[in-house]
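Given the sequences, and given the hints that come with them, work out the whole structure.
Just so we're aligned: the sequence shown equals residues 52 to 1148 in our numbering.
Source of the hints: derived by calculation from the structure; they are not laboratory data. For glycine and all other residues, C-beta sits at the position ideal for the given N, C-alpha and C. You may find that some hints are simply not true.
[Unchecked claim] Just the calculated beta-carbon pair ranges, DEER-fashion:
1. M600 <-> P546: 43 to 53 Å
2. E1021 <-> R898: 54 to 64 Å
3. V176 <-> A422: 44 to 54 Å
4. E750 <-> Q1094: 49 to 59 Å
5. M600 <-> A422: 21 to 31 Å
6. P546 <-> A497: 35 to 45 Å
7. E1021 <-> G957: 23 to 33 Å
8. G694 <-> P812: 52 to 62 Å
9. D542 <-> Y905: 54 to 64 Å
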Amino acid sequence: MATPPPCSAPSLLPQPSAGRDRAWRGTLLPRPQAAPDAWSRHSSQQVPLFGGRPARMRSPSSAAPAPAALPADAAASSGLGMSALCDPAGPLAPPAPAAHGPASPLSAQELAQEIKAFLTGVDPVLGHQLSARDHARCGLLLLRSLPPARAAVLDHLRSVFDESVRAHLAALDEGATTSPQHLRPPPPSHAPSGGPGLEDVVQEVQQVLSEFIRANPKAWAPVVSAWSIDLMGQLSSKYSGRHQRVPHAAGSLNELLQLWMGCRATRTLMDIYVQCLSALIGSCPDACVDALLDTSVQHSPHFDWVVAHIGSSFPGTIISRVLSCGLKDFCVHSGAGGGSGGAGGTPPTPSADIFSSNPTVPGEKRVPKIASVVGILGHLASRHGDSIRRELLRMFHESLAAGSGGRGGDPSLQATVPFLLQLAVMSPALLGTVSGELVDCLKPPAVLSQLQQHLQVFGREELDNMLSLAVHLVSQASGAGAYRLLQFLVDTAMPASVITPPGLAVPDAVREACDRLIQLLLLHLQKLVHDRGGSPGDGVLGPPPPPRMVPFLDALRSHVGELCGETLRLERKRFLWQHQLLGLLSVYTRPSCGPEALGHLLSRARTPEELSLATQLYAGLVVSLSGLLPLALCSCLARVHAGTLLPPFTARLLQNLALLVGWEQQGGEGPAALGARVGEAVSAQLPDLAPLLLHPEEEVAEAASSLLAICPFPQGALLPAQLLSLVRAGVSRFFASLRLHGPPGVSSASHLLTRLSQASPASLKAVLQLLVEGALHRGNAELFGGEGEGGSENVTPTAPSSSASAYLLETNRRHTAAVPGAGGVWSVFHAGVIGRGLKPPRSAHSRSAQEVTYNTQSLLGLLVHCCSTAGGAGASDCWGGPALSPEAAKAVAVTLVESVCPDAVGAELAWPPEDYARTTVERDLRIGRRFREHPLLFELLKLVAAAPPALCYCSVLLRGLLAALLGHWEASRHLDTSQSPWQLEASCTLVAVMAEGSLLPPTLGNMHEVFSQLAPFEVRLLLLSVWGFLREHGPLPQKFAFQPERGRFVRDFSREGGGSGGPHLAVLHSVLHRNIDRLGLFSGRFQAWPTVLRPGT
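What follows is the structure, given as structure tokens:
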């Protein structure tokens, strides 16, 4: 019997490989190479090709089912290798459906006619062209009756599915351009052969193939799965982007999935593949997975919708089998464990199945499947990340548990680690999936030891390649696992401590490897950071490309604080690595992380060595980041005012800033350039630093005071509001430090206020005014011996608080019902409550006299420094002390008047007759009471008197105090003045102050020396003489003349006519004569000698 003539099977789709085209280009079946007459022998014995009755009208289901495998002797004689297609011991093909009646086998003539009709596409009986439906059913009949025709029939069915897909898309286009779906008429029954009429053929194909798969899955499932998955890939690639109804693969995956699953042909192919995979899932699904990988390599990304659907249907199987197949393919291409890699490795073994839908062609270069593995797992990572992570870690642990095995071990186990590294390099999604648990996986020392032993079998070049991959992977790590990975590497690379338990020690080889890994990582990050803008010519013809991202550094953005804390621990190599990493992170994320890192170092450094890390970081970044220090200071102050920076760190920040500024000012060791920059940055933030002087934490307030005391002020003048707020805060800080630490603790606040007083005349006045007002405030009065807040006059301890408050309210209502008049009935002074007795005595001062004196001297010293003239060094008094500015002393005098007696502000400086004092009794008594409550007022008067003519502006206070003393001495019935010690001391001090302020001539100014030896009425007489002198020679500033050679104002009493006190000395001389026995020695002090100005007066 002659061999059949050559023919070609119709094919409308591009074939996936050149081998398939060559296999079916000439004949239906390949001609055997070993036995040329095998086909004729098999045909004459088994299947006669010609003769018998025609079988043109038979359906594929009405034909008798052919056995799934030919007899063994026929298969052997034909040389077709049918054992590769069918299982000889398997069951027969499924019987025909019962609806068609009993099946009968085809005769040889019928089978020959079917073959001829299938090959030519023409009905051999009627002679007309077969429709697509009849042609497909002819192929299905041959598929049931002639197993060797399987490949040719499946190849022809590709055109059927292709036409069905084309018709489906055309119908979608027509429906979109005409009318809505519910308004379109149903398709006619005589639809074209290529139209919707092929859907029933597609259904028959699915039915036939499903029966074959159920009958013999081992033989049919691999072939049918490869055919269906490859056909889906071809259809996806053919229509993607070239049809208006098919979205591009770069678009939404859900849209693609909905479109293709809505097509009957592609949905049928998907169902067929799923059935094949389900049939083999319990035994060996590698063939199905291999086909999926091969197709994914060829048709990605158009094939992604298939991968997504199948992966979601069989996540566990797909993940494990895809990784297994990918590992095997990796071993073949890389030569890991068994070959030299690449083309020099062991070539793949040709398939024994000559009817395979994807035969291997000799000399064909295979494409590695690892890219397809990455794509498939990347699709599954979003929903099945946990399963992928568990499978990857399982493979890793299994490879380590099996041991290195040497070169003769299992190649797949040996290649697992390089394979996993390659997967992670190619897929950031997989790296992110496993990076979270990678540290926990590697933490046990036993795992590191096993890994080190496992890698010993690799050569130097292979180890270097894997180390480079590891460095790249670490630089691509993202999320929370990046910082944990860094900490793990640093901890592992650190030398073992003497207290490390023996079982937890890391092998030296592992430690050295981690050390080298960190160094290479820092070098790699440095290249990425400084080259991230691309090559110089990238933006010549267009906009510059966006900077390249470094996921590892992006993940460390939120861990800047932890990195700074670890750096400040100063642990050998650790702090050097992390300090370098901080610099790279600052340059990469500029300008955000640089100021943050510098702020953390400045706020946490506790020693000069730790502070030097901040200076080194600044020195490395100042070239790359402009304005780094001001930004760092602004961010830190923002955190302070927001309450996110704890008070200890705030105090440390201010102390370190003060230390840096001090280094620059003292000219000692330290970064002078940084100190100058710090001073400039701090001076620009004075409005934000001023509130820190009022911080509730003493440590913070003191540190702020120390910093502001030495930092330079801005070049331009401060705004009045800013200056006033800074002065107020500085004064409050002064009194708070004096209360808590005493005079030794006010040095920084005093220095700050002194510098503020020299800033401008307005600031000088504000400093002096606030200092005097603060010293006289009840909250601070007890510091200087005055009555504090506990000495209230209205508290009655014997009465309950509620009744006392009610009684006080009624008293105030009664006393304010009418306008009080001077000297009237309402000019009363509460000395107690009727029925309760006198007021209780005020509580004694809690501070000792020595402490009060010390505090007073501290305040007066500050006032003297503030009142000193700007030219201070050359201006001094006769004793070499600083000369006080008259204007500054005048400001103190005015403030005294406003604080002691506000209603006397603006009163005339000239003294009225002594009878006028009767109209100001209440005011004079109030002034006297304030002087008694605040001994500091006398010291302040002495300060004012030291800068004539400033004391003239205190005339109203002097007049009121003198009137109060005159009233007391007039009412006193004691024999001597020792019974009124305070009044005696006040009288002496008042006269001495007026003499010091050049309000009295020296003769009258010395009379206070004899007050203690006189009776009260005699003291009153002498004070009346003082009043008379001041009435005649009023304390007016116009009577003072400035002497440039002395640098101060001086009053010449000889030019005033009786200014030496001659007429007013008669009373003094009379008192001296009356007490000549006791005061004779003082007579020389009260003679009116010719006026000779002595230096300093």
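Checked hints:
no.	hint	in the structure
1	M600 <-> P546: 43 to 53 Å	violated, 34 Å
2	E1021 <-> R898: 54 to 64 Å	violated, 34 Å
3	V176 <-> A422: 44 to 54 Å	holds, 52 Å
4	E750 <-> Q1094: 49 to 59 Å	holds, 50 Å
5	M600 <-> A422: 21 to 31 Å	holds, 22 Å
6	P546 <-> A497: 35 to 45 Å	violated, 20 Å
7	E1021 <-> G957: 23 to 33 Å	holds, 29 Å
8	G694 <-> P812: 52 to 62 Å	violated, 38 Å
9	D542 <-> Y905: 54 to 64 Å	holds, 56 Å
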